[in-house]
Amino acid sequence: MSMTSGQRSVCVFACEADERVASVVRDVARSEGLRVVAASTGDAPADLCIVLMSLSAVRDHEFLRIANAVCSNASVTIPVRLDEVRPEQAGEPGSPIRERNWADFSQRSGRDQEPWELLVRSNVELYDDFYDLDERTRRWELCDHDASYLLQDVKAAARAHEVLDALADDPYQRPTKVMRDYVEASTQHAHRERKRSIRNRVQTIGSTIFVVIALLLFSAFMRSFLARGSLLKESMADLETEYDPEYAALRLLQIGADEGINSDTGFYQTIDALSSIWKISELGLAEAEAGTGTQGEAVFTGDGERVFVAGAEGTVQSWVPRTAEAADNRYVSARDRFTFDATPDGALLVVADEDGLRRFDTSTWERVDLGYDGPAIESVAVSADGMRALGATEDGIVLVDLDDGTVAAKLAADSTLAVERTPDGLRALVRTDSDVQFVDGESLNPLARATIPESADCVGAIGEIGAVIWSDGRLGLLAPSADELSPIAFSTKSRPLDLAISGESVIVVTEEGGSQVVDVPTGATLARLGTSMAGVVFADATEAGLMSCGNGVTTSIYSLEGIAPGDEAPSGALVSESLECSTSDGTFAIRSDGAEKFVLTYGGKDHDYTFQGTHGERDDITAVACAYLPARYVIGTRSGGVTTYTMLQGEDGITMVSTREWDTPDGSSVEAVGWTEDGERLVVRAGGRWWTPYANSDAIGLQGIASTIKEREPAVWTKAEIESFPEDFVESMGMRVATPLPEPR
Amino acid sequence: MSHVFVSYARVCKDYVDRLADELEARGVPVWQDTEQLRFGEVWDARVNDAIRGASLVVLVVSREWCDSEPCQNEASQARYYKRPILEVSLERDVERTAIQIANEYRRVSPISSLTATVETRAESWLRGGRKRRDLLQGRSLREVVRLLKWDHADSILTDNAKSFILASKRFARIVCAFAVLSALVSLWALISFLVVKIGNFGATLIGSYGYGSSLLTYSSEIGNRVDPYLVADVTTNTLDNRAWTLSSIINDGYSRQLMMRSALDAITPTERMDAEEAASRGFSFPDATRTRATADASSITAELSENGAVVTLSTDGDSGALVTARLEMPSFDLSFSPDGRYLAVLGEGGIAILDGHQGSQLLFLNGTQNPEGSTLAWSPDGSLVAVRTPQDYVFSWPVRQDTTILATTGSTFVDGASVKGGELAAFLASDGSITFVDVSSGSIEDVDDSLEAAEALHLAPGPGEMDFYVVARPADDPDATRLIHVDCAAGTVAELSLPDGLVPTCVSAVAGGSELAVGCEGALLMLDATGGVRNRVDGLNVSAVAMDADGRVFAGTQSGDLVVLEPGASEVTCPESAVTRGGTTPLAIAVGSGRAVSVGKGTVCGNGSRALTREWGTWVERDGITSSMTDSASPYARTIAASSDGSLFVCGLSDGTLVTFFPEDGFGVSARHELGSELRGIVISSDRTSVIGAAGDGTIVRVAVDLAANDQQALRDRLDERVRQGLEFGLYHNEADIS
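Going down the list, the sequences are from chains A and B. Quick note: the numbering used here has the first sequence finishing at residue 745, numbered continuously throughout. Quick note: the numbering used here has the second sequence finishing at residue 739, numbered continuously throughout.
Selected chain A positions facing chain B (in silico; Cβ < 10 angstroms):
| hint | residue |
| --- | --- |
| 1 | Ser515 |
| 2 | Glu617 |
| 3 | Arg638 |
Taking lysine-lysine pairs in the BS3-like style, the calculated list, with each CA pair at most 25 angstroms apart, reads:
| hint | chain 1 | residue 1 | chain 2 | residue 2 |
| --- | --- | --- | --- | --- |
| 4 | A | Lys155 | B | Lys162 |
| 5 | A | Lys155 | B | Lys169 |
| 6 | A | Lys195 | B | Lys131 |
| 7 | A | Lys155 | B | Lys131 |
| 8 | B | Lys149 | B | Lys82 |
Honestly, the hints are just simulated from the structure, not real lab data. For every residue, glycine included, the Cβ atom is placed at its ideal position computed from N, Cα and C.
Using the sequences and the accompanying hints, generate a full structural model.
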């Protein structure tokens, strides 16, 4: 049995003289199931080529030439010696026939078939492999079955198996048991080695992959870390104490605390930050960070404890402004564009859109669709008792009964500048041609009117003081009973995006100026709000002094306390109107000559000082005050400047630390200075009005600064801001991440 | 050193013993069995090992040797292990045989010894389960590989030995690779550790860095309020202080430049003259201070409050004040510039320059102490303002140091573009007219009125020298916003229709190019010159757009995102590190040198400005114009331009401040607030030395680019000059303890 697949082919090549014998051989081959083919020197050689060699053959040179060629071409060639011919006669040394092992049939009869049968059945092509296996087996046996003599390769062992199987019935070379044992042992050994090799490779590859993955992960981590670091660096590249004071103050504190960097400059920079306007909170930070924030106009309850903010897709968000906690999120309209208002107690919400008018009980959110069938309401104000709503339509105003939605009254106008609820009731500001009327929202009678150029563009807002109107760059006040606009000394380059009034302050939102709080009586800019926000477009305010400014994504909440003046001093305030003041126990005193000199008395001694302004200029002192716990004094000047110092007892004596420099926004001279009862704020009377900016007196040393910041910091922060600080710092300062809105219902 | 194995028949033992002695005497180690090791069915492994490890196998051939099966096995083993074999005859003299063997041994020993070692090691390796530790390593392996390369390993090694060497080489490669990897990992770990450590330190360092940087600017800001000469002197001393140079964590190029820039923020007098010279130069000082002044040009009256803390502007004939401006210090004199553009207000600590219409403060000039009785005067051309002290010293400051008013028109400019290879600046007014200004001379060359618009919004250059694409609301259809092609040479206008009724919001094109990018409400379009759509990306509410010379488009969206549309791409790419901050809608984008900078809402206050740069093949978003670059409190900006080589960007803020910066350098920033009106169109001259701008109030100006902002030495020279001037003017006495 041969290893070759399919029928084996044999060619029998002989010279003419030996053709008879060749014929016998061919017949034998056929009978053995071989396919007899003609000798070929080209393609498709036979598997076995038997060349009959005799003296006659070697004399036939042509035959010899062809025989050598056939022999070269065939897979296996067996020259068969028929007579005394010798291999040396078959050609030159190195010629194929000569160098083969010859079978010697010279002693047999050419007709004898049996030897030919054995010959054609033999697997001569496998004999080299057999001899090799035999040698290996012998060596293996001799060397006590040393595994190193086994076949190491699986393929070699398989091949050896095939050889043994092929030679199982070979007439000349049959495998012995030892050979079979050897091959079997080799097969097992080779498989073991292959498994081990595969295992090793898998381990190597696995280790490599692990290392590469580790490197990649680490690289990604480092990239992220460095990217964060880079963003952190960018976020800190400019510590804006004026425009982003809350974050700047915390950052300055954190660095100062962590790095022990305690420089005077750093301290004063922190004081600067503390002296800027801080927001109470910012609503919608979580949604803004997620990229889904949408916030529109805001409506406060009368006590400022709740604020409703228009959201996306017809929702109204309910927030606690001081804590930035989201109380609720409700669908109130099927439209994206709608307007709404709430009663002062927040119990009732009235919503108007193209689909009509409806009210909601905010405790149950029960919805009542009113049968209002008037023109679409673009802006709405609801009365304090929740019985009526004043709506602005494209052709005037309508007064609607909130019981059933019937129109109780209407007033035609070219445009409605504002509708609002004031402590005096519903009010509207309407315009027809050049006539602007401030109207009582119940009776729809004009309370005041003014004339503006017909072509002039105008924007208006309503508050307790009346109506503030912007027209052609100028602001004016239309007070009740007035018949003309009283100019407010404030102008803008562009049309305001929004106006809102609180007390005697109006918030003016413009593209070029942002959100500015303007003092109506003087036109002075009291403050700029939302300086860390971009694109402020909304402003809202309460009479109680809460303000909001929004950019369509988030809404910042501010308090007017400390920004706008009041008519009275805060209860319990300790105020001095004179140029002399001393503490009740007499340990500390201050006096001034009314020019730039002042004297501090402490430790039983007088210490002389000269007041210098921001640019080193002189100024006349108009009022002084001092207090203790902590020991501090404050100076007010003719030009409206106020400076307060806290006195520190150190190793080198008393140090004066300036904790606040403040100027009256309207430039009025200081008439009296002091502090609130708790010392947290300054109390300044200037121009007949009372101002209460923060004193920062306790913001001394890291502890003092930390506690001052902690009391004032906004209610919530974004996640990115929180993560930009060390965890322990965040915890110590009580910083909270903004919580997301509940899903709208 | 390996040995000679002698195979012999037992009967020849005496001969072999003598032969062994001779060989030993010649320094050739001999292995001969001394026991009956070779008999029995199984060979003693020692014999096998000895043959394998022999440099030379000597066969003492005799008749008995030929008949001995063990001897034949030895010969067979020797051939198997391809040991050099020497046959010697028993007949020969022992000494001569020994010499022959010794010579042969020495001849074959170098290689043979090596191969013997390899065979022996291979055997151990196989027996030991192919453990890696048994493989050849290091010098041994190198030596083997080197020698066998030239000595045809195939013919002198068994298959096992060859496998052994192959495995050794493979393992050596793996070891080497792992060594490299390990080294890399170790290095990486070390660097990462340092980075993290430094990063943590650096998060604090960054904090410290930011802290330090802000300390630098803050301390300069505070110091400059009172004594800018002292600040300049302290700054130069600090920079020269070796101890600071060595120890400061913030002593790098950026910080040094920041220090110098901050110190130079103050505007100090540039001239000192006596009263006579001042008079000869046209400064007309009043005899007494004034609390009221009127600008003839604008009929605006300014009045100081009684305490000097407030100035109120009002118009004659109108009731009520225009604006009330709170002053930084009590002031006692004021004066309008001849053109009414500025109002100078004098106090003891300096001069506030206010916008003559809005009352907003543009500049603060100081460096002098102005006692009561000092008065103000302007130069006739309005470029200088001077103070005369009661002692008759006169100091003057340039008010428009870098800004030259080229023209005052009645147009409301809204946009601008560079045309004709940078020779001309084209400014679009809201009425649709286009004003052409020669960049070199600053003169108005032409005003084209081809387009009549109710409101024109944006301008982009067209394929020709004098044609443009304009986004506008035509006068005859003011409710619709259209994209219009204006050919100023031919005097024609033609609307380019957009598909699906898309409303254009902005447009951008490269001058002379064949494509334009149009931002719309709902899509970004790439059009050819005839308005054919070449590319379209839906789903974007585009607020700003810019195209670079490669056809790449940068677009800003209403929601505050910045995206990139690569040439031929069907989708936009969002940059890495993008952090969208609510409300920060881009309103203008400039592109140069592979960088795009956007400005819009929140520039500078609100962190709305962004820069896109390409890092490692990916677009990365970083901060653009930040509040550290300027004192301006502007909440937005609507115009930005880049020089043709992208090395300079110029942005006009809403309050009139002009910010120039060199992004490649990263340090060079300059901000000028010499105008109260916002520049809406900016064109940078081709040599980058100046900017031609058109403001919303119709003013056309040239502003010099402060190239020194990019040059540390120039900044240093300015600081030195400031100190020198202070000393020369008698305004600084160098008495402070600078330490």
